[in-house]
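2 protein chains.
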Amino acid sequence: MRRFHKLDFPVSEIRRFLEPGPIVLVSSAWQGKINIMTMGWHMMMGFSPALFACYIWDENHSFEMIRRSKQCVINLPTTDLINQAVGIGNCSGRTVDKFAEFGLTPAPGEKVEAPLIQECYANFECRLADGGQIARHNLFIWEVVQAHVAASPRYPETFHYRGDGIFMISGRSINLRRKFKPERL
Amino acid sequence: MRRFHKLDFPVSEIRRFLEPGPIVLVSSAWQGKINIMTMGWHMMMGFSPALFACYIWDENHSFEMIRRSKQCVINLPTTDLINQAVGIGNCSGRTVDKFAEFGLTPAPGEKVEAPLIQECYANFECRLADGGQIARHNLFIWEVVQAHVAASPRYPETFHYRGDGIFMISGRSINLRRKFKPERL
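For the protein sequence lines, the chains are A and B, in the order given.
Position 79 (the first sequence) corresponds to 79 in our numbering; numbering is contiguous.
Position 178 (the second sequence) corresponds to 178 in our numbering; numbering is contiguous.
I should point out that these hints are in silico values taken from the structure, not numbers from a laboratory.
Just so you know, not all the hints are guaranteed correct.
In this list, chains with the same sequence are indistinguishable; a pair is considered to hold if it fits within one copy or across any two.
Straight-line C-alpha distance at most 30 Å; calculated DSS-like pairs for lysine-lysine [to be verified]:
#	residue 1	residue 2
1	181	33
2	6	111
3	181	111
4	6	33
5	70	111
6	179	33
7	111	179
Computed from a predicted model, the values in this text were never measured in an experiment.
Go ahead and model the full structure; you've got the sequences and the hints to work with.
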C-alpha cells in the first residue's frame with residue numbers, strides 16, 4: 001500500500017480536503033481497543049476554530065467508543081483504499097480487529113489517543129467541541145486540533161458515496177479564482 | 001441554458017445526489033422577495049424522514065429569509081452552471097435580484113413557498129425540522145419533503161468546492177455493490 005510523507009497543515013485550511021464531500025475513515029480508541037469506521041455524512045462548520053460535524057449511526061460499534069472518549073481522527077483515504085473502506089464499512093469492530101484485517105497501520109496522534117491511519121492521505125485529529133446533539137440527532141461537532149497532510153499530490157483522488165454500492169471518483173479541478181471577490185474565496 | 005425534464009423522486013433516496021458533497025444553490029422566499037445563495041457546507045442526516053443539515057453564515061442575506069420562513073429549496077446545479085454559482089456566491093441579495101442577474105427561472109414548489117430553480121438538475125423542497133442549533137452554530141436541520149430529479153442522466157456532473165477558487169468536478173463512477181452486505185448498501 002501507498003505511504004505518504006505527511007506534514008503539519010494549518011487546520012483553518014482543511015476545507016480543501018473535506019468540503020468536497022469524500023468518504024472518510026474515522027478511527028477511535030477506548031479502553032485499550034482501537035477501531036475504524038467508514039463515514040460519508042459530514043460537513044465543515046467553521047474555519048477558526050476548525051469545526052467539523054458528522055452523523056454517526058448509534059448502532060455502529062464506533063459510536064460508543066467515540067462518544068465516551070470524546071475524540072477521534074478523521075482519515076482521508078485515496079482511491080487505492082476503496083476496497084478497504086468498503087470492507088471496513090461491512091464488518092463490525094465488535095468482532096473484527098479492522099487494522100489487522102485490512103492491513104492498516106495505527107500511528108500515534110499528537111493531541112488525541114485515537115490512532116492515525118498511516119496509509120491515508122491526511123489525518124485530522126479531533127476533540128469533541130459540542131456533544132449536545134448526540135442524543136437527539138447522532139450529531140457530533142468536532143474541533144480539528146491537529147492536521148497531517150501529504151506533501152503531494154496537492155489534490156488527492158478521493159471517493160464519494162452515492163449509496164447502493166456506487167462511488168463517484170473525484171475528477172479534474174477548475175480554477176475560477178479570478179471570478180471571486182478576495183473576501184469570498 | 002439546459003432544461004431538464006424532472007420527475008418526482010423518493011426523498012428517502014436523495015443521498016445519491018447530496019452525499020457526494022456537491023455545491024448546491026439554496027433558494028428562499030420571504031415577504032415577497034426571492035433569493036439564492038451558493039452553499040458547500042451540508043450533510044445528510046437521515047433517510048426517513050429525509051433529514052439534511054447545513055451551515056449558513058449569518059452575514060448572508062439569505063440567512064434571515066431562511067430562518068424566518070423556515071423553508072428553503074436545495075437545488076443541485078450541474079457543471080454548466082458553475083459560473084452562475086460563483087457569481088451568486090459573490091454578490092448579495094440585498095442589492096441584486098439573482099434570478100434576473102444570472103438568467104435563472106423560479107418555478108413554484110409543491111410544498112414550500114421558496115422557488116425551485118428550473119435550470120438545476122434536481123430540486124429538494126425543505127421544511128425546517130429543528131432550528132435549535134441556528135443561534136449557536138448557524139446550523140439548520142431540514143426535512144426534505146418533496147424531491148424533483150431529472151429523468152436523465154442517472155448521475156449528474158457536479159462541482160465540489162476546495163476553497164481558494166478551486167473546484168473539483170465529479171468524475172467516473174465505480175460499482176462495488178457485490179462487496180456490500182445487503183443491509184449495508
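Hint by hint, here is what the structure shows:
{"no.": "1", "hint": "181 to 33", "result": "between (48 Å within a copy, 25 Å between copies)"}
{"no.": "2", "hint": "6 to 111", "result": "within (16 Å within a copy, 49 Å between copies)"}
{"no.": "3", "hint": "181 to 111", "result": "neither (36 Å within a copy, 35 Å between copies)"}
{"no.": "4", "hint": "6 to 33", "result": "within (25 Å within a copy, 49 Å between copies)"}
{"no.": "5", "hint": "70 to 111", "result": "within (12 Å within a copy, 40 Å between copies)"}
{"no.": "6", "hint": "179 to 33", "result": "between (49 Å within a copy, 26 Å between copies)"}
{"no.": "7", "hint": "111 to 179", "result": "neither (39 Å within a copy, 35 Å between copies)"}
Of the hints listed earlier, those the structure fails to meet are numbers 3, 7, in rising order.
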